[in-house]
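Colleague: Chains A and L supply the protein sequences, listed in that same order.
Here the first sequence is numbered in our numbering, starting from 1 and rising by one per residue.
Here the second sequence is numbered in our numbering, starting from 1 and rising by one per residue.
Be aware that a few hints might be false.
Listed next, the in silico SDA-like pairs over lysine to any residue satisfying Cα-Cα at most 20 Å (straight line) [said to hold, decoys possible]:
#	chain 1	residue 1	chain 2	residue 2
1	L	154	L	133
2	A	115	L	139
3	A	115	L	188
Output of the computed footprint for chain A on chain L, the stretches with three or more beta carbons under 8 Å from beta carbons of chain A [said to hold, decoys possible]:
#	stretch
4	54-65
5	138-148
6	160-167
What the hints contain is simulated information worked out from the structure, not anything from laboratory work.
Source: prediction; values computed, not measured.
Just so you know, even glycine gets a beta-carbon here, dropped at the ideal spot from N, CA and C.
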Amino acid sequence: MTTSRSRRIWATVTFGLGMTLAAASPAAADPAGPKVSTAGSTYTLTVLSHETKSDMGSAGPTAMPKPGDKFGFADDLSQGGVKVGSDAVQCTAVSGAKSSCAATTTFDNGTLVLKGTTPMSMAEEMEFDVPIVSGTGAYDGAAGTMHLATVKGTHGADANLTFIYTTASSLAKAPSATAAGTKTVAKAGSASQVSKVPSGGAESGGGSTAGIEHGWMLGLGAVAAAAGMGTLAFGRRGR
Amino acid sequence: MRTRTTVGAVLALTGGCLIGTGLSAQSVAPMPAAHVTSLRVTPAAPLRPSPPVSIDIAAINLHAPLGSVGLAPDGTIGVPAPGPDYDVPGWYRYSPTPGALGPAVIIGHLDTLHTGPSVFFRLGELTPGQRIEVRRADGRIAVFQITAIAAYAKRLFPTGEVFGDLGYAGLRLITCGGPIEPATGHYRDNTVVFATLVATRSR
């Protein structure tokens, strides 16, 4: 109960992590590190996280942290039920229902370091992005973003994490703009810089401005005008 | 008799004023010119990746925080979900972060279901040469210059042109446009603004 409660706060505050622990004990970590997909110079690493430890500090386990309160979490990370790493997160609550957090995510082949200000709420389902600011080992010079989406029904204890980043070595291999920026398309017709290419256009409108707006005003005006004209006509007939 | 005439005249006048006001308050989304005008610019060197925080387009008085979107279940680009963040544009999280090498994509709604214009309502007013600024989590501001703006029918959406690789840091802003299609109840088109990173600065 305490874990769930604190996890709910954590998940919305930081880079809370969750893995679906279908098995009681995940298999041993892969020394080669987690599986990543590559698109151009950009890597995408997706894991499930599960909270293993939390310390809500001075706020206690049942209250929302106040500005200045410090708290932390630790999580196991897995891919396909196999543990591939862990993380440790430290946060300080700041004003505006936000929290300033730093996290170190450790895999067998290196670490990713995240740092940023994130929203804080008691909502069970949350999604937000956190900057990846550096890394070591296979993640040397990492920069990018991590997207967190809590897993429904876990009260924030589990979350899907998607790390999208470049590294020093991946950028060194990538085609880059020249100083004058004259180089154009890296590979004509390809789309390797966008890791998941959408299949088409977007439904980015509700439709309210395509029809009649302010219908009440137009309706009221029509009724008033009709009544006025009727009154005038009736008065003329009565003369 | 005279009173009746006065009442009738006032009612008719009031009704006319209400109709006039209602009609003049109708929102009409600006649409880009039918033909695409493209501007050549000299790109600035790309920045390292860092998530976007907010977007500013002075030309249309747009200043908004940024969220993020992913893919919709049908494989198209996701859009900001109904709720308190409906009017917050979203960076497509599978595209490069704005200022980094490649086509960063930001999508926002044209309007809402009931309440009128949304955050990208005036996107169609933009013209090549105008600037877009994106603030990033690393403290850098990526300054883009618009090179083209166009409307595409969704069924003919130019995926390669919008999401294809670039040798520089680009930006694409996407929203809806055109008429509502009766069969689907959705807008027929997408308006797309194409821009290129031309400068960076620290805030």
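Colleague: Any hints from earlier that this structure breaks? Give me their numbers in increasing order, please.
Modeller: 1, 3, 4, 5
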